[in-house]
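> What follows is each chain in one-letter form.
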Amino acid sequence: MNLPADTMSEKQKIEAILAGSIDEFGYFVDTYRDMAITISFRICGNTQDAEDIVQNAFVKAYHSLASFRGKSKFSSWFYRIVYNTSLNAVRNKNTNKEYIDFQYPTKKATQDLDALQTIEEHERNKMINAAMSKLHPSESMVLTLYYMEDFSTKEIANITGLSKANVKIKLHRGRQNLSNLLSKTLVFD
Amino acid sequence: MKKNEDSTFKILLSGAKLSGNERLKSRILNQIEVENALKSNKALRQSSTKGNLTPFWMLYAVFPLAGVYFINTGFENAPILFMLLLTSIVCCAFWAITYIDDKRKMRKT
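Here the protein sequences come in this chain order: P and A. This note's numbering numbers the first residue of the first sequence as -15 and each following residue consecutively. This note's numbering numbers the first residue of the second sequence as 27 and each following residue consecutively.
A couple of the hints might just be wrong.
What the hints assert, rightly or not - Within a straight-line C-alpha distance of at most 27 Å, the following computed DSSO-like cross-link-like pairs (lysine-lysine) qualify:
no. : chain 1 : residue 1 : chain 2 : residue 2
1   : P       : 168       : A       : 51
2   : P       : 138       : A       : 43
3   : P       : 118       : A       : 36
4   : P       : -3        : A       : 43
5   : A       : 43        : P       : 118
6   : P       : 152       : P       : 118
7   : P       : -5        : A       : 65
8   : A       : 51        : P       : 110
9   : A       : 51        : P       : 44
10  : A       : 51        : P       : -5
11  : A       : 36        : P       : 148
12  : P       : 44        : A       : 65
13  : P       : 110       : P       : 77
14  : A       : 51        : P       : 57
15  : P       : 77        : A       : 51
16  : A       : 36        : P       : 152
17  : A       : 43        : P       : 77
18  : P       : -5        : A       : 129
19  : A       : 131       : P       : 57
20  : P       : 57        : A       : 68
21  : P       : 110       : A       : 43
In case anyone wonders, no lab produced these hints; they're calculated from the structure.
Between the sequences and the hints, there should be enough to build the whole structure, so can you do that?
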């Protein structure tokens, strides 16, 4: 049964990829690329390395797609690959941990979003990312998955291989440390 | 209190998602295509290497028959026997070199 690409579920897309359609994999790259870059960047702290790691993670995911049994969400399964690939890359190579300003998702300049607000938002995001890069990688990783992707502590435990209790502890510590760091730099309205 | 804290963090962190290079998608799809091509090429070469064996096995089968023929004829055509032996040695050496070279290249890819 051939369904149009945009109406296919992820499961159907995976089946299509396994049947040999590489183009369908583009959907997964588009959907999970930004979060994968964020996760990888939290661990390696370098933009160029993060992109290379994400590229490798996507290729790994493509080749091991047959082993995805669909018991968990595709995102959890894939982020686990990204997480492990990032950790291996950091172990194998001393990455440059210097914080580098990164590209944010481009928001189309709309008329109602005034320029000053955009600059403020950009600066705020820059500060948050700078603060996140000062946290322990596991803490920033847990915070990223919990607040950006709405993963439960159980799902985060699955991705990172930590215990559920450990995830909760890291979440608590991460929140505390991030608050301390941000209170020094950000002024809340 | 906890919910307020959670929503504050959610708002703060929601904008901090990073974005990769737009070319990353084409890089990934290209790499997958190249790796797939290499894989199928490797499979093709493996099967062609197996196929290469056939003529040499035929040669090995012909050689004892030729031996029987020359023994029966009382080695009247000894120089031809010598040429046949030399040719088969050269063929075997050539096959061995290409086979080993193929294996080495496959290991590299």
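> A separate judgement is required for each hint: does it hold in the structure or not?
Each hint, compared with the structure:
1. For a cut-off of 27 Å, the pair hint linking residue 168 (chain P) to residue 51 (chain A) is broken: about 38 Å separates their Cα positions.
2. The hinted pair formed by residue 138 (chain P) and residue 43 (chain A) meets the criterion: a straight-line CA distance of about 22 Å does not exceed 27 Å.
3. Of the supplied pair hints, the one linking residue 118 (chain P) and residue 36 (chain A) holds, its CA atoms being roughly 19 Å apart against a limit of 27 Å.
4. Taking the CA atoms of residue -3 (chain P) and residue 43 (chain A), the gap is near 25 Å; set against the 27 Å cutoff, the hint holds.
5. Restraint check: the Cα-Cα separation between residue 43 (chain A) and residue 118 (chain P) comes to about 16 Å, which is no more than 27 Å; the hinted pair holds.
6. Only pairs whose Cα atoms come within 27 Å are accepted, and residue 152 (chain P) paired with residue 118 (chain P) is accepted, the gap being roughly 20 Å.
7. In summary, the hint linking residue -5 (chain P) to residue 65 (chain A) is supported, as the alpha carbons are separated by about 25 Å, within the 27 Å threshold.
8. Restraint check for residue 51 (chain A) and residue 110 (chain P): the C-alpha separation of about 25 Å stays at or below 27 Å, so the hint holds.
9. Between the alpha carbons of residue 51 (chain A) and residue 44 (chain P) the distance comes to roughly 14 Å, so the proposed pair stays at or under 27 Å and holds.
10. Taking the CA atoms of residue 51 (chain A) and residue -5 (chain P), the gap is about 20 Å. The hint holds against a cut of 27 Å.
11. A hinted pair counts as satisfied when its Cα atoms are at most 27 Å apart, and residue 36 (chain A) with residue 148 (chain P) qualifies at roughly 20 Å.
12. A distance of roughly 14 Å separates the Cα atoms of residue 44 (chain P) and residue 65 (chain A); the hinted pair therefore holds under the 27 Å criterion.
13. For the hint pairing residue 110 (chain P) with residue 77 (chain P), the CA-to-CA distance comes to about 26 Å; that is within 27 Å, so the pair holds.
14. In summary, the hint linking residue 51 (chain A) to residue 57 (chain P) is supported, as the alpha carbons are separated by about 22 Å, within the 27 Å threshold.
15. A distance of roughly 24 Å separates the Cα atoms of residue 77 (chain P) and residue 51 (chain A); the hinted pair therefore holds under the 27 Å criterion.
16. With a C-alpha separation of about 16 Å, the suggested pairing of residue 36 (chain A) with residue 152 (chain P) holds against the 27 Å cut-off.
17. For a cut-off of 27 Å, the pair hint linking residue 43 (chain A) to residue 77 (chain P) stands: about 25 Å separates their Cα positions.
18. Distance hint between residue -5 (chain P) and residue 129 (chain A) is unfulfilled; the C-alpha atoms sit about 39 Å from each other, more than 27 Å.
19. At roughly 40 Å between alpha-carbon atoms, residue 131 (chain A) and residue 57 (chain P) are farther apart than 27 Å, so this suggested pair is violated.
20. Between residue 57 (chain P) and residue 68 (chain A) the CA atoms are separated by roughly 34 Å; this puts the pair beyond 27 Å, and the hint is violated.
21. With a CA separation close to 10 Å, the supplied pair residue 110 (chain P) and residue 43 (chain A) stays within the 27 Å bound.
In this structure, the earlier hints numbered 1, 18, 19 and 20 are contradicted, and the remaining ones agree with it.
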